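**Q** Chains A and B, in that order, give the protein sequences. Numbering-wise, the first sequence is residues 1 to 249 according to the working numbering. Numbering-wise, the second sequence is residues 1 to 310 according to the working numbering.
It is worth saying that the hints were derived from the structure and are not from the lab. Nothing here was measured: the structure is a model prediction, and the numbers come from that model. Be aware that one or more of the hints could be misleading.
Covered stretches of chain B (in silico footprint by chain A; criterion: 3 or more residues with CB under 8 Å from a CB of chain A, positions within the stretch not fixed) [as the list claims (entries may be wrong)]:
{"hint": "1", "stretch": "109 to 116"}
{"hint": "2", "stretch": "173 to 183"}
{"hint": "3", "stretch": "200 to 214"}
{"hint": "4", "stretch": "266 to 274"}
{"hint": "5", "stretch": "284 to 292"}
{"hint": "6", "stretch": "296 to 304"}
Distance condition first, Cα-Cα at most 27 Å in a straight line; then the derived DSS-like pairs of lysine-lysine [what the hints assert, rightly or not]:
{"hint": "7", "chain 1": "B", "residue 1": "180", "chain 2": "A", "residue 2": "247"}
{"hint": "8", "chain 1": "A", "residue 1": "149", "chain 2": "A", "residue 2": "32"}
{"hint": "9", "chain 1": "A", "residue 1": "2", "chain 2": "A", "residue 2": "193"}
{"hint": "10", "chain 1": "A", "residue 1": "243", "chain 2": "B", "residue 2": "219"}
{"hint": "11", "chain 1": "A", "residue 1": "243", "chain 2": "B", "residue 2": "273"}
{"hint": "12", "chain 1": "A", "residue 1": "196", "chain 2": "A", "residue 2": "32"}
{"hint": "13", "chain 1": "A", "residue 1": "169", "chain 2": "A", "residue 2": "50"}
{"hint": "14", "chain 1": "B", "residue 1": "273", "chain 2": "B", "residue 2": "215"}
{"hint": "15", "chain 1": "A", "residue 1": "195", "chain 2": "A", "residue 2": "32"}
{"hint": "16", "chain 1": "A", "residue 1": "247", "chain 2": "B", "residue 2": "280"}
{"hint": "17", "chain 1": "A", "residue 1": "247", "chain 2": "B", "residue 2": "26"}
{"hint": "18", "chain 1": "A", "residue 1": "243", "chain 2": "B", "residue 2": "215"}
{"hint": "19", "chain 1": "B", "residue 1": "273", "chain 2": "A", "residue 2": "247"}
{"hint": "20", "chain 1": "B", "residue 1": "280", "chain 2": "B", "residue 2": "219"}
{"hint": "21", "chain 1": "B", "residue 1": "219", "chain 2": "A", "residue 2": "169"}
{"hint": "22", "chain 1": "A", "residue 1": "16", "chain 2": "B", "residue 2": "116"}
{"hint": "23", "chain 1": "B", "residue 1": "116", "chain 2": "B", "residue 2": "219"}
{"hint": "24", "chain 1": "A", "residue 1": "243", "chain 2": "B", "residue 2": "280"}
{"hint": "25", "chain 1": "A", "residue 1": "243", "chain 2": "B", "residue 2": "180"}
{"hint": "26", "chain 1": "A", "residue 1": "16", "chain 2": "B", "residue 2": "273"}
{"hint": "27", "chain 1": "A", "residue 1": "2", "chain 2": "A", "residue 2": "195"}
{"hint": "28", "chain 1": "A", "residue 1": "149", "chain 2": "B", "residue 2": "180"}
{"hint": "29", "chain 1": "A", "residue 1": "20", "chain 2": "B", "residue 2": "219"}
{"hint": "30", "chain 1": "A", "residue 1": "247", "chain 2": "A", "residue 2": "50"}
{"hint": "31", "chain 1": "B", "residue 1": "26", "chain 2": "B", "residue 2": "116"}
{"hint": "32", "chain 1": "A", "residue 1": "32", "chain 2": "A", "residue 2": "20"}
{"hint": "33", "chain 1": "B", "residue 1": "280", "chain 2": "B", "residue 2": "215"}
{"hint": "34", "chain 1": "A", "residue 1": "50", "chain 2": "A", "residue 2": "196"}
{"hint": "35", "chain 1": "B", "residue 1": "215", "chain 2": "A", "residue 2": "247"}
{"hint": "36", "chain 1": "A", "residue 1": "169", "chain 2": "A", "residue 2": "149"}
{"hint": "37", "chain 1": "A", "residue 1": "16", "chain 2": "B", "residue 2": "280"}
{"hint": "38", "chain 1": "A", "residue 1": "193", "chain 2": "A", "residue 2": "32"}
{"hint": "39", "chain 1": "B", "residue 1": "273", "chain 2": "B", "residue 2": "308"}
Backbone N, C-alpha and C fix where the C-beta goes; we use that ideal spot for every residue, glycine too.
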Amino acid sequence: MKVLVPVKRVIDYNVKVRVKADNSGVELANVKMAMNPFDEIAVEEALRLKEAGGADEVVAVSIGPSQNQETIRTALAMGADRGIHIEAPHEIEPLAVAKLLKEVVAREEPGLVFVGKQAIDDDCNQTGQMLAALLGWAQGTFVSGIEIKGDSAAVVREVDGGLEHLEVKMPAVVTVDLRLNEPRYASLPNIMKAKKKPLDSLSAADLGVDIEPRLTITRVEEPPAREAGIRVSDVGDLVDKLKNEAKVI
Amino acid sequence: MSILILADHDNGQLAPATLNTVTAAKEIGGEIHMLVAGDASGDVASAAATIDGVAKVLTAADASMAHGIAENVAPLIQSIATGYTHLMAPATTTGKNIMPRVAALLDVMQVSDIIKVDSADTFQRPIYAGNAIATVTSGEAIKVVTVRGTAFEAAAAEGGSAVIEAVDAGGDSGLSSYVKSELSSSERPELTSAPIVISGGRGMQDGANFAMLEKVADKLGAAVGASRAAVDAGFVPNDYQVGQTGKVVAPDLYVAVGISGAIQHLAGMKDSKVIVAINKDEEAPIFQVADFGLVADLFEAVPELETKLG
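Only chain B is shown next, with the shape it has when bound in the complex (with noise of 0.2 Å):
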């Protein structure tokens, strides 16, 4: 066995959830390869070659790699695959725009975001937001598989000494252009990887009150997520959506304030070690899903949690 994992970075840092992949690649089994492609990612690669684990680095370095353009990196990965029993990216952005233009171009089906490796062709993962579980089995002789981070625990970012190597990065497709980013900065940690999430729904009513959530998440060194209403109704921009088409968070504590509880919100965050709920409405689903309900009025609660947090 020999797997292949797209490493996920900006060129600076490797993504989390990259580290999450590793672990996922362990249960399976076999030598443990990873493909950095990018441009001037020197230190990406370096970081790559240290993770517990990976046995080599592969670094495809070209301009054409530097804001992992499927068109372009998809090529790349078939050019490399040979060999390869599973090729595997996080189920980031990246991975998901990538892999599976990579197993269309080696005619093989992917298996998206596994939640658990049963064995080296068996894997499980949620269909219907996460209200059924299903077990699949690959027969393809190349399996390409996403990983939902939040399922896995990263692997060791030290410990490991992975030999690098440069492979050919194959050039422009010339089929699309990248123009430029607009991220959200912010010294919060980040929200798929963040210990404590404090999101916020409809009941915030407006995007200015998500400083009170702000606030809170600051005592707490949290992450601010929010629920596809409160993204539909324009209070805060779509990358704080938690949920099945979202993000899907696992912290240690997740507090939902003004959230109803919506089948597509919990798909994205019930795997949540502890979960909060405040809503003035008592029959609101979320309380069926949560450790600790606070039946209250959100404009409230929440200026006297951040006070008693001290």
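Bound-form chain A, shown alone (with noise of 0.2 Å):
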């Protein structure tokens, strides 16, 4: 079995992201991107899977400008067999994304699609479901745990109240969560390996999919700041305060 790992290109976590003078966006100008956290965790999993033998072939794929060949190189070092990198301006919606993927899922034939539940730049969460709409495939979302069970996989997804255990059909796409597995670091010597990988480009036309944007952003802004608060002395100030000034206890 194959397995598909679509992989984003974000502003790096530990980076403080900050608003454009013009209000058109966030600052993407030298400044440090890496792979969504999410998707490492998907990556990470698709090796598991094919170390335990239940996959022959893991295949990352990445969408957007050719800067997004280094994440599917960050994929290869980890582990992938494979990329594929379709070439796309930076800004692509979701379900862009989506019907994309589903171009490559028809080509590659993939028995099982790792993504990450959400990326840390739109906080959409949609890419994963709509995929698996597109391909009228089984999804598992904001997944903690999976085994596969030949033609089907048990998940257990992370839902507000607790956990939720599914049977998903395969072929199948699964949206996974943090606590599915931790990634490892690729070593030296692998990322060394990546750049020898094979590496495929193509582009949206090539796919023949639309990737005009739906929807318009026509602002972007720093949320309103907190203003700095006070520093109590103990314990007894701390529950004063809280019942006569902030009056909520």
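Using the supplied hints, reconstruct the complex from the two chains, each of which is provided in its own coordinate frame.
**A** Below is the structure:
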């Protein structure tokens, strides 16, 4: 079985995001970029499945400008076998991403797609569900546990009240949550090896998909800042302030 | 304008965030309908019919609808979507799971997790863990929107008298089946709707130490939460997690104990009315958003807090 893992290039999660002065978006120039942390978990899960004998090839795919090839190389350095880069502008909406991925699925015929539950830039939480819809496949979302059982997979989902166990028919799209695993670091020898792994490049037009945005972002601004508070001297002072000043207890 | 809201429920009760979604829908304007897809969920439909502002409740009763399986519910919504200008749901794990599947079936882009309605087609939503707010306009004929509950007041649960109408549930797609749930049982209020939340971070050192927070929570009628670091360290289950990738809360009082204040945690709680931080590291970023900061060893401060609350 082949596993497809879409990986998104986003601003590194340690970087403090700055809104552009003209309120047209956030500053991306000269900012450290990295693989979306949830997608790292997806790559890791695919690799573990392969190492356990449950998959024979892990293919990483990324959609965006040419720099996205670095993100694919990161996945290859972790252990993915092959990469596919689809050239597209940076701002591409989840629906268009899902349509492109659908075409990749048609070409590659994976048995499973592992993808992060959300990207930490637009925080949309849509792509996996949309891809499953377009393919007519089962979806396991926000997954923190998975076991493949032949033509189905037992998944554990992180839901608001706790956990939910589902049986999803394969092939399936599985969106991964934080607690599924802890992604490995790529070793230096593996980073060197990754440079020689195959990486194909395509364009959105090659796949015949319309990627024009459907939504217009008219303004991006900083959230209202909280005013700095005060330090209290001890617990008694705190309780007094909460009771008599803030009146919240 | 005509809006259909997907009710989030457990076949017995409506999830509170459904009421906040009604308020967001009222701000858009137009007639509001609510879909209750479930099994033996008559009580939920009755409750939905009394929500102030809801004109009609559609019920799709079938065993295949019992557990909110997206592969079954999404085609149902698609089948009744014609005529609606907006399809909405709370941005709970149910809404987040189902609505993008609906949007893709309808070939429209979804607007996720809105925090403000500017007009019928323009919304504000947080991006980058709430470090920026984007104003987004949708030109789609049917706008699929999920709503952050804490950003809108709850609509009154009483006062409405909607008609209840059955629709064809459609049936089982055969793609996914429900096995079981492991729900955290707690006498304490639910995290996202609790008026007071007390959360622990990595500084708690051990899951057993959360008992200290629980004692304080019980005196205050508070819910207990945690930072991602505490969840990652295995102290508490993931459904305690407050943050960008967990739950977003905005209580009257949020008490952060042993939490450093990583960006992704602040994203989940910085809209709280009053924030208290207890941390022995006076440089911890949590103090920058705290109204009241106490630099202290939590293992001394928390038991003392419990005592002083009487």
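**Q** Look at each hint and say if it fits the structure.
**A** Consistency of the hints with the structure:
1. Judged by the Cβ-Cβ criterion of 8 Å, the stretch 109 to 116 of chain B is covered by chain A as claimed, because 5 of its residues qualify and three suffice.
2. Using a Cβ-Cβ cut-off of 8 Å, 10 residues of the stretch 173 to 183 of chain B lie near chain A, which meets the minimum of three, so the contact claim holds.
3. Judged by the Cβ-Cβ criterion of 8 Å, the stretch 200 to 214 of chain B is not covered by chain A as claimed, because only 0 of its residues qualify and three are needed.
4. Residues of the stretch 266 to 274 of chain B lying with their CB closer than 8 Å to a CB of chain A number 3, which satisfies the three-residue condition for coverage.
5. Counting residues of the stretch 284 to 292 of chain B whose beta-carbon sits less than 8 Å from any beta-carbon of chain A gives 6, enough to reach three: the coverage restraint holds.
6. With 3 residues carrying a beta carbon less than 8 Å from a beta carbon of chain A, the stretch 296 to 304 of chain B meets the three-residue requirement, and the given coverage holds.
7. For the hint linking residue 180 of chain B to residue 247 of chain A, the alpha-carbon distance of about 43 Å lies beyond 27 Å, and the restraint is violated.
8. For a cut-off of 27 Å, the pair hint linking residue 149 of chain A to residue 32 of chain A is broken: about 40 Å separates their Cα positions.
9. Our distance criterion of 27 Å between C-alpha atoms is met by residue 2 of chain A and residue 193 of chain A, whose separation comes to about 21 Å.
10. Distance check on the hinted pair: residue 243 of chain A and residue 219 of chain B sit about 14 Å apart at the alpha-carbon level, within 27 Å; holds.
11. Taken as a hint, the residue 243 of chain A and residue 273 of chain B pair is honoured in the structure, with Cα atoms around 14 Å apart against an allowance of 27 Å.
12. Taking the CA atoms of residue 196 of chain A and residue 32 of chain A, the gap is about 24 Å. The hint holds against a cut of 27 Å.
13. In summary, the hint linking residue 169 of chain A to residue 50 of chain A is supported, as the alpha carbons are separated by about 19 Å, within the 27 Å threshold.
14. Only pairs whose Cα atoms come within 27 Å are accepted, and residue 273 of chain B paired with residue 215 of chain B is accepted, the gap being roughly 22 Å.
15. About 21 Å separates the Cα atoms of residue 195 of chain A and residue 32 of chain A, which keeps this hinted pair within 27 Å; it holds.
16. Using a Cα cut-off of 27 Å, the hinted pair residue 247 of chain A and residue 280 of chain B holds, with the two alpha carbons roughly 25 Å apart.
17. Between residue 247 of chain A and residue 26 of chain B the alpha-carbon distance is near 31 Å, which puts this suggested pair outside the 27 Å criterion.
18. Restraint check: the Cα-Cα separation between residue 243 of chain A and residue 215 of chain B comes to about 19 Å, which is no more than 27 Å; the hinted pair holds.
19. About 11 Å separates the Cα atoms of residue 273 of chain B and residue 247 of chain A, which keeps this hinted pair within 27 Å; it holds.
20. Among the hinted pairs, residue 280 of chain B with residue 219 of chain B is consistent with the structure: their alpha-carbon atoms are about 24 Å apart, no more than 27 Å.
21. A threshold of 27 Å between alpha carbons decides the hint, and for residue 219 of chain B with residue 169 of chain A the separation of about 47 Å lies outside it, so the pair is violated.
22. At most 27 Å may separate the alpha-carbon atoms for a hinted pair to count; residue 16 of chain A and residue 116 of chain B meet this at roughly 24 Å.
23. Between residue 116 of chain B and residue 219 of chain B the alpha-carbon distance is near 34 Å, which puts this suggested pair outside the 27 Å criterion.
24. Between residue 243 of chain A and residue 280 of chain B the CA atoms are separated by roughly 23 Å; this keeps the pair inside 27 Å, and the hint holds.
25. Among the hinted pairs, residue 243 of chain A with residue 180 of chain B is inconsistent with the structure: their alpha-carbon atoms are about 43 Å apart, more than 27 Å.
26. Of the pairs offered as hints, the one joining residue 16 of chain A and residue 273 of chain B holds, with about 24 Å between alpha carbons and a cut-off of 27 Å not exceeded.
27. For a cut-off of 27 Å, the pair hint linking residue 2 of chain A to residue 195 of chain A stands: about 21 Å separates their Cα positions.
28. Between the alpha carbons of residue 149 of chain A and residue 180 of chain B the distance comes to roughly 17 Å, so the proposed pair stays at or under 27 Å and holds.
29. About 45 Å separates the Cα atoms of residue 20 of chain A and residue 219 of chain B, which puts this hinted pair outside 27 Å; it is violated.
30. About 57 Å separates the Cα atoms of residue 247 of chain A and residue 50 of chain A, which puts this hinted pair outside 27 Å; it is violated.
31. Using a Cα cut-off of 27 Å, the hinted pair residue 26 of chain B and residue 116 of chain B holds, with the two alpha carbons roughly 12 Å apart.
32. At roughly 16 Å between alpha-carbon atoms, residue 32 of chain A and residue 20 of chain A fall within 27 Å of each other, so this suggested pair holds.
33. Restraint check for residue 280 of chain B and residue 215 of chain B: the C-alpha separation of about 21 Å stays at or below 27 Å, so the hint holds.
34. A threshold of 27 Å between alpha carbons decides the hint, and for residue 50 of chain A with residue 196 of chain A the separation of about 20 Å falls inside it, so the pair holds.
35. Of the supplied pair hints, the one linking residue 215 of chain B and residue 247 of chain A holds, its CA atoms being roughly 21 Å apart against a limit of 27 Å.
36. This hinted pair checks out: residue 169 of chain A and residue 149 of chain A have alpha carbons roughly 10 Å apart, not beyond 27 Å.
37. For the suggested pair residue 16 of chain A and residue 280 of chain B, the alpha carbons sit about 24 Å apart, so the restraint of at most 27 Å is met.
38. Of the pairs offered as hints, the one joining residue 193 of chain A and residue 32 of chain A holds, with about 23 Å between alpha carbons and a cut-off of 27 Å not exceeded.
39. Distance hint between residue 273 of chain B and residue 308 of chain B is fulfilled; the C-alpha atoms sit about 22 Å from each other, no more than 27 Å.
When held up to the earlier numbered hints, the structure conflicts with 3, 7, 8, 17, 21, 23, 25, 29, 30 and fits the remainder.
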